[in-house]
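> Sequence:
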Amino acid sequence: MIKVLKRSIKKRKNKSLTERLVLYLIIGLMLALVLLAGCNSTVCPDQTKIEVGVTETDAKNDKFQEKKLLTQTFKWGKKKCNDG
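One point on numbering: in my numbering, the residue at position 2 of the sequence shown is 2, and numbering is uninterrupted.
Hints in this document: simulated from the structure, not taken from any laboratory.
Be careful, since some hints might not be right.
Unchecked claim - No more than 30 Å apart at the CA atoms, straight line, and that leaves these computed lysine-lysine pairs for DSSO-like:
id, residue 1, residue 2
1, Lys63, Lys49
2, Lys49, Lys78
3, Lys63, Lys78
4, Lys49, Lys67
5, Lys75, Lys49
6, Lys49, Lys80
7, Lys79, Lys49
Claimed, not checked - Pair ranges (Cβ atoms, derived):
id, residue 1, residue 2, range
8, Lys80, Ser16, 47 to 55 Å
9, Gly38, Leu70, 24 to 32 Å
10, Lys68, Leu29, 40 to 48 Å
11, Ile26, Val52, 48 to 56 Å
12, Leu29, Phe74, 27 to 35 Å
13, Glu66, Gly38, 34 to 42 Å
Built from N, CA and C at the ideal position, the CB exists for glycine as well.
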């Protein structure tokens with residue numbers, strides 16, 4: 001009786017290992033498909049803003065602080081970017 005139980009436990013372990021391998025294979029294939037689908041789209045710059053200014057004086061040292069800000073937005077799409 002004990003030998004039969006041990007065999008059934010071994011079969012269950014092997015089956016669960018096989019099920020895990022199949023699950024990992026399916027997840028890997030789905031991830032590969034998502035990554036390959038991403039290669040079909042392009043990312044193009046949409047807007048670029050540059051702001052340069054001077055802030056008010058600092059209370060500690062009475063010096064002006066220069067403020068520089070660069071902001072760029074992008075758009076995803078299937079069309080090619082306009083280089084001109």
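> It remains to establish, for every hint, whether it holds in the given structure.
For each hint, the structure was consulted:
| no. | hint | result |
| --- | --- | --- |
| 1 | Lys63 with Lys49 | holds (26 Å) |
| 2 | Lys49 with Lys78 | holds (24 Å) |
| 3 | Lys63 with Lys78 | violated (49 Å) |
| 4 | Lys49 with Lys67 | holds (14 Å) |
| 5 | Lys75 with Lys49 | holds (15 Å) |
| 6 | Lys49 with Lys80 | holds (22 Å) |
| 7 | Lys79 with Lys49 | holds (23 Å) |
| 8 | Lys80 with Ser16: 47 to 55 Å | holds (49 Å) |
| 9 | Gly38 with Leu70: 24 to 32 Å | holds (26 Å) |
| 10 | Lys68 with Leu29: 40 to 48 Å | holds (47 Å) |
| 11 | Ile26 with Val52: 48 to 56 Å | holds (53 Å) |
| 12 | Leu29 with Phe74: 27 to 35 Å | holds (29 Å) |
| 13 | Glu66 with Gly38: 34 to 42 Å | holds (39 Å) |
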